[in-house]
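*Asks:* This is what each chain is made of:
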Amino acid sequence: MKKTTKAILLVAMLTSLSLFNGCEDLADIPLNIPIVVEFTINGSETSDFESTSFCLNQYEEWNDNKDKIKSVKFLSAAYWTLDFAPDNLTATISASVKDKNGITLFSFMLTDVSPGDASINPYKIELSSEEIDAFNAYLNNLQEDPTCMTPSFTAQYTVSNVSWSGAEEYTIIGKVEIVLETVVSVD
Amino acid sequence: MFDIDKTISEFNVKHSIIRGNNMKKLYIIVLLLVFTGYSSAQIGDKLQLPQSEVEKYATPLATWSGTYFNSAGYYTASVSKIFGFKLSLVGMMIFIPEDQRTFDVHPYDGYTGSEKSATFFGEKGAAILGAEEFIIYPPGVNMSSVPAGIPQVAFSFMGVEAMLRYFPKVNISDFEVNLLGWGLKYNFSQLIPGLPLDIAAQILFNNFEAIHPDTEIKTSNTAFNVHASKSFGAFSIYGGLQYESTNMDYTYTFETLGIPELDERIDISIAGENNMRLTFGAAVKVAVLVLNVDYNIGSQNALVAGINFEF
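Quick note, the sequences are listed as chains X and V, same order. Residues in the first sequence are numbered from 1 upward in steps of one, following the numbering used here. Residues in the second sequence are numbered from 1001 upward in steps of one, following the numbering used here.
Think of the hints as simulated: they come from the structure by calculation, not from any bench. Careful: at least some of the hints might be erroneous.
Short derived list, chain V residues pointing at chain X, Cβ under 7 Å [what the hints assert, rightly or not]: (1) G1125; (2) A1127; (3) L1129; (4) E1133; (5) I1136.
Beta carbons are placed, not taken as given, at the ideal position from N, Cα and C, and that holds for glycine.
Please construct the entire structure, taking both the sequences and the accompanying hints into account.
*Replies:* Written out as C-alpha cells, the structure is:
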C-alpha cells in the first residue's frame, strides 16, 4: 500500500483518538530492582569473613534505568545459603551492609545454625523503621562514582563458631539480596 | 552439596520464566494498540514469572483488547435497502475495573502468602521470597482508563451491511503491525412490515497482529450481537446485547542461559474475560454526518463516540 494511504489511515486513527486528548496519561512506573551480593568462604578456621564493596551502577538493571529513576527506597532484603559442605556443618552466620562512610545500614545474625536452614527457607532480614529511613535517605542522596573507585556500599559476611567433621575444609556460599523499589520515568 | 544440581535447577527455573525484554515488547504492543506514542521505559531485565502468573498478569490486557476491537460495531439497526456507505472515526475510553488491576500471586507450589501484584494495568509489582531469590513481579502501566481509536468503513446493500476495519502493515519500533476486521449485519425488521423499530443481527471478526523477529502478539476477537434502534427525526436511540470472545496469543523467544542453541519459542494463549456486553446509546444526524455516543457494560466498560460520514 502506498505511503500516502498509510499516512492517511494513521492520521484517521490519531484523529479519532484525539477526541479523548487530555485523559489519563501513562504514569511513571514503579520498578523493583534486586541487588545481589554473593559470598564464598572456604577454609578450616572456625571464624572467617569475606568483604565485598560494590556500587549500584554495577547492576545491569539499575544501570539501564539510572537516568530515569526519579526515586528509590528500600523494599525488602533476605539471606540465602546457596551451597555448603560438608553436610554436618554448623556456624553462626552474620552479615552487614555499610555505606561509603562505614556506617552500618543493616545487619543480621543467625546463631549456631546449619547453613542449609537458610537454603530451604530464606531468612528475611527485618529492618527497623529507623534503619529503613536511614537507608532511604542514603539511597536518595547517593552520588555514585561511575567507575566505582569509591564504592557506595561494603558488605561483610562472617562465619564464626564453625563446627564440622569428616572433611579438612568447609565451604559456605551465601547471598544477600536487597530489593529496591524505584520509580522510573517513562518519558 | 556441590554438584550439577544447582546448574540444572537454575536452568529449570529460567526455563519457566519470562524475561524483561519480552515485557518491554509487551509494553510496546499496548502502546501501539492505544496509539499513544510513548517511548518504552527500560523495564527491567530480570523480571521472572512462571507462565501461569504471566497469564494472570496479561489477562486484563486480553480483555481490554476484546473490549476495544469488539466495540463500535453499530449505532443504528437500520440498513439501507438499496445502497449505503459509511466512513467512521471512532474513539473510545475503556475503563479498567479495580479488581483487574491487581491479582493474587502464586509464584510457586506451596506458596501460602496473600500478596497481590499489579496486572498490566496496575501499579506496583510484588517482590516475593523464592527458593533461591526474590521473585520480582513486573509493574503495570498504572492506568484505570485507556483511550483508543479505530477507523472503519461499511457498505450496505439490500438490508445487508458489510463493515471493514483495516490497518495496513506498518513498521513501528521494529514491529510489523496490522489489523483486519470485518463484520456482517442483517436487518431483520425489514421482514416484518409495520414494526416500530429496527432490529438487526451482526457478527464481527477482528484480528490484530504485531510481529517482531523475537516476539509476536496476535489477538482474535469474535462478536455476535442483536441490536435495535428507534429514530425520532434526526435523533435516534439504540441498544443491543452482544456475546463476544477474545484470544491473545503471545509468542516469544526465550533466551536460556545466554546459549542460542537452547533458545526456545514460548507460546502463551490467554483468553479475555469479555463474554457479554450490554450497549445503549444515542445518535444525531446532521446532513451526511452522524454523531453517536454509547456506553458498553461488560467485563470492562467502555464509552464510545463516533463521527460518521454516511449516505
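*Asks:* Would you mind marking each hint as holding or not holding in the structure?
*Replies:* Hint check results:
At its closest, the beta carbon of G1125 of chain V sits 6 Å from a beta carbon of chain X; the interface hint therefore holds under the 7 Å criterion. With 7 Å as the threshold, the beta carbon of A1127 of chain V comes within range of chain X, its nearest partner Cβ sitting at about 4 Å, so the hint holds. Evaluation of the L1129 of chain V hint against chain X yields a held restraint, the C-beta minimum of about 5 Å falling below 7 Å. The beta carbon of E1133 of chain V comes within 6 Å of a beta carbon in chain X, closer than 7 Å, and the hint placing it at the interface holds.
This hint holds: I1136 of chain V has a C-beta 5 Å from the nearest C-beta of chain X, less than the 7 Å allowed.
Hint violations for this structure: none, all hints satisfied.
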